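Asker: Letter by letter, the chains look like this.
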Amino acid sequence: MLDFEEELKNFKPSKEIDQTGETANKRNKTDLVDIMMQMMKEKEE
Amino acid sequence: MKCYRCGSKLGRQNICLKCGAPLDTYRLIVRRANSLYNSGLEKAWVRDLTGAIEDLQQCLVYDKRNIDARNLLGLIYHEIGEDAEAMAEWAISESFQPEDNPATTLIKKVIDSDQIEQCNMAVRKYNHSLSLASGIDHSYDLALLQLQKVVRINPKFIRAYQLMALLYIHDEEYAKAEKALRTALNINHSDAVCLRYLQEIEDKVSRRESGREKREKVLLEKANESKGVVVPTYREGSGIFQTVLYVFGGVILGLLVCYFHLVPGIRQRLQRESNEKVMSYGDMLSAKDLELSELKAQLEGLEAEKNSANEQLEGYTGTDGVVASYEKLLKAADDYYSGEYGAALEALDQLDETVSGTNYQAVYRKLKDSVNTEGMSELYKKGYDAYQARDFEAARDYLTQCLVIDPDYPDAMFWLGLSYHNLGDREKAFQYYDRLIAEFPELSYAQRAAELKNE
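Chains D and H supply the protein sequences, listed in that same order. Numbered according to our numbering, the first sequence spans residues 1 to 45. Numbered according to our numbering, the second sequence spans residues 1001 to 1455.
I should point out that these hints are in silico values taken from the structure, not numbers from a laboratory. In this text the structure is predicted, and so the values were computed from the model without any measurement. Note that CB positions come from ideal geometry on N, CA and C, so glycine has one too.
One side of the interface only, derived from the structure: several residues of chain H facing chain D at Cβ under 7 Å:
{"hint": "1", "residue": "D1063"}
{"hint": "2", "residue": "A1084"}
{"hint": "3", "residue": "C1119"}
So here's chain D without its partners, still in its complex pose (with noise of 0.2 Å):
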């Protein structure tokens, strides 16, 4: 059984395209690749 209220707080505004700067900051984030060269380059110190 749905519940519309609850349903309703799932949905979040959505945003445009000038705020693309922002979005694209958040999402560039540190991957496995990066935490590998921290570990040799500490390993190597």
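Mind docking chain H on chain D? Use the hints.
Answerer: Relative to chain D, chain H alone:
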């Protein structure tokens, strides 16, 4: 495949031949990322876009520099109407590989096709409809009208279809909700929200139908249980009066049917039309507001520019402005060349040396030096000569000017005192004698001044 450390091309070796970086773990990570990319690509082909997004996001957790995965993820976001997300992915992709990157073409296509404004408008309307639906007023009708506009502008905006379907389900308009969901599912076959809402609709419709079937069954059973057959009875007409009564009753019944069945529909249509009008006026009003605020900002900017230009002009043309300073400097020069050294000095003293312009400052300093050195000696010479020629008044004037330039010049002081003495103004003469005696007692002028006082 390129080395993660030095960027050189790699062979089959387990270390980079150029920089010696170990490659075992790196190869594992890249292999896993590629496998996830392939899985995402396969899912995208069959329009399982939700699954594809999950795989591609996972792939980027392994290797954020996987350009193909990032570009495909952007393309999928674009396909489901999330253009801001799409542009973000392509922008990151372009930052990792600025040259020979399909993301550059994709971004250019979106920008050139004027889609940005359309998408932004759809997003703004979607956000507005969301605030209408979740606001205190619960204006679901207005929200639905906005959402219809949204999907007309951006027919791939899945989230708008989802919200539209939810509002239709709430209004128990299941057919419309189903239509919106089917449209969204044609774009993304595996959209979990759409599938859940569709299941809900199917449940509700089947429940309603089973209820109706039950009621019909009960009625049928009751009819079977009733004894005997209902035979329609015939009664002979009872005259013209009854016929008129039946016709009149039929007309009233028809009017009542019209009132209860047709009027609400018409009223609803009129209400919807007026709502649409209100919405369009609201849109126009907000556009005008935006235009007005932009014009206001422009006006303020122009006012500020005008004030600054006026201030600048005042700096040039005002009483203490640059033009006035140049005029005073010219007058000082004129006085100097006319031999009016005192006036030249006074004019120079009134001038501001720091007025901008290197030429002005150079002329000012040169003129002041000339007045101080040449002017003073020239005035003294003229004063002395006038005194020797017994022209005491001229001597007084020249020597007074000389002391304006240098108030502590003892020679000028002495001859000016004598000039006053000869003009009969002993009081003035004694002032200069007293200064000589007090300030320059070692000079012969001081002794001579003392003698003159005692005479």
